[in-house]
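The listed protein sequences derive, respectively, from chains A and B. Numbered per my numbering, the first sequence finishes at 113, counting up by one with no gaps. Numbered per my numbering, the second sequence finishes at 115, counting up by one with no gaps.
No wet-lab data here; the hints were simulated from the structure. Heads up, some of the hints might be wrong.
[Unchecked claim] So the derived label-pair ranges between C-beta atoms look like this:
#	chain 1	residue 1	chain 2	residue 2	range
1	B	97	A	51	15 to 23 Å
2	B	55	A	5	22 to 30 Å
3	B	27	A	59	38 to 46 Å
4	A	51	B	115	40 to 48 Å
5	B	70	A	69	46 to 54 Å
6	A	26	B	38	19 to 27 Å
7	B	73	A	96	23 to 31 Å
8	B	115	A	15	25 to 33 Å
9	B	15	A	110	32 to 40 Å
10	B	8	A	54	16 to 24 Å
11	B	20	A	56	22 to 30 Å
12	A	68	B	70	41 to 49 Å
13	A	5	B	50	24 to 32 Å
14	B	58	A	79	37 to 45 Å
[To be verified] Coverage of chain B stretches by chain A, computed from C-beta distances (three or more under 8 Å per stretch; other residues unrestricted):
#	stretch
15	20-26
16	69-83
[Stated by the list, open to error] Computed list of lysine-lysine pairs in DSS-like fashion (alpha-carbon distance at most 27 Å, straight line):
#	chain 1	residue 1	chain 2	residue 2
17	B	71	A	37
18	B	71	A	100
19	B	78	A	100
No residue lacks a Cβ here, since even glycine has one placed at the ideal position from N, Cα and C.
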Amino acid sequence: DQQVKQNSPSLSVQEGRISILNCDYTNSMFDYFLWYKKYPAEGPTFLISISSIKDKNEDGRFTVFLNKSAKHLSLHIVPSQPGDSAVYFCAASAAGTASKLTFGTGTRLQVTL
Amino acid sequence: EAGVVQSPRYKIIEKKQPVAFWCNPISGHNTLYWYRQNLGQGPELLIRYENEEAVDDSQLPKDRFSAERLKGVDSTLKIQPAELGDSAVYLCASSVDSGAAYEQYFGPGTRLTVT
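Pulled out of the complex, with its shape left as it was, chain A reads as follows (with noise of 0.2 Å):
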C-alpha cells in the first residue's frame, strides 16, 4: 500500500523553466510533508516543507504548495538550472509520529541547457 505517490518517474525541463513536480497521499494522519533531494551516490537531503496548516511555503525558487482536499502537494522551482537535476522525493509523516517519515517513489528530474 503506498501511502505517498509520486506518479512521474522522470521530468525534463529546460533550462530558466518552471519544474513542476507532483505528488499524491492517501493517509489523512500526514500533517507535516517534506521534499528531499538526492544527487547519485548521496544520501537524501532536505530541501523545503509544509506543515499541514500552510497552504504555501516559499524558500528561495522552491515552493511547495498543499492541497489538503485533494491529497496533493507539489513542488516547483523558478528557475530551473542544471544543477537542479537530482532526483527528488517526497515524504511526509504523520502527528505525533514526527520522526516517521514515509517517502514517495522519487521523481527524476533533468534541466536540459
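Following the hints, complete the assembly by docking chain B onto the known chain A.
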C-alpha cells in the same frame, strides 16, 4: 561539521553469507535511523534508535536482520544470512532528537548486491 559516515560504500556478497554495515552519526545527534532503499523506490525505515534504545523496529525483518547501537553513538546493521532480495541501498540518518522530521541528515548509503 562532519556528516553521517557510512561504511562500506559498496558490498558484494553471495547469498547465505553474512554482512554488516556501520554508521557514525553526526556528533551530538541522539536519534539514529536505518533505512532500506530498493531500486526505484523511496527509503523505508527499518529501525530507529533514541540513544541506545531501539524505539521503533516494527519494519525490521527480525529473522535475519539485527542492529545495535552501543553507547548511543555508532551503529551496526547486520544481515545473516543474506538473500537475493536484500540487494538495496542501506541508508543511515541521524537527528538531534525525534521531534522534527526535517532535521534528519542522511549518509551516502551502502549499496549491497547479493549474488
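(request) For the pair we were handed, residue 78 of chain B and residue 100 of chain A, check the Cα-Cα distance against 27 Å. (result) holds (22 Å)
(request) With 38 to 46 Å as the target window, see if residue 27 of chain B and residue 59 of chain A comply at their CB atoms. (result) Roughly 27 Å apart at Cβ, these two residues miss the hinted range, so it is violated.
(message) Taking 24 to 32 Å as the stated bounds, is the beta-carbon spacing between residue 5 of chain A and residue 50 of chain B within them?
(response) holds (30 Å)
(request) For residue 55 of chain B and residue 5 of chain A, compare the CB-CB distance with the range 22 to 30 Å and indicate the outcome. (result) holds (28 Å)
(message) I want to verify a distance hint. Is the separation of the beta carbons of residue 15 of chain B and residue 110 of chain A within 32 to 40 Å?
(response) About 35 Å separates the Cβ atoms of residue 15 of chain B and residue 110 of chain A, which means 32 to 40 Å holds.
(request) Using the beta carbons of residue 26 of chain A and residue 38 of chain B, state whether their distance is inside 19 to 27 Å or not. (result) holds (20 Å)
(request) Please test the hint of 41 to 49 Å on the beta carbon pair from residue 68 of chain A and residue 70 of chain B. (result) holds (43 Å)
(request) Hint says 16 to 24 Å; check whether the CB-CB distance for residue 8 of chain B and residue 54 of chain A agrees. (result) violated (41 Å)
(message) Just to be careful, I want the Cα atoms of residue 71 of chain B and residue 100 of chain A compared with a cutoff of 27 Å; is the pair within it?
(response) holds (23 Å)
(message) Given a hint of 37 to 45 Å, does the C-beta separation of residue 58 of chain B and residue 79 of chain A actually sit inside it?
(response) Holds, at about 43 Å.
(request) With 40 to 48 Å as the target window, see if residue 51 of chain A and residue 115 of chain B comply at their CB atoms. (result) holds (45 Å)
(request) Please test the hint of 15 to 23 Å on the beta carbon pair from residue 97 of chain B and residue 51 of chain A. (result) holds (18 Å)
Going down the numbered hints, you'll see the structure goes against 3, 8, 10, 11, 15, 16, 17, while the others check out.
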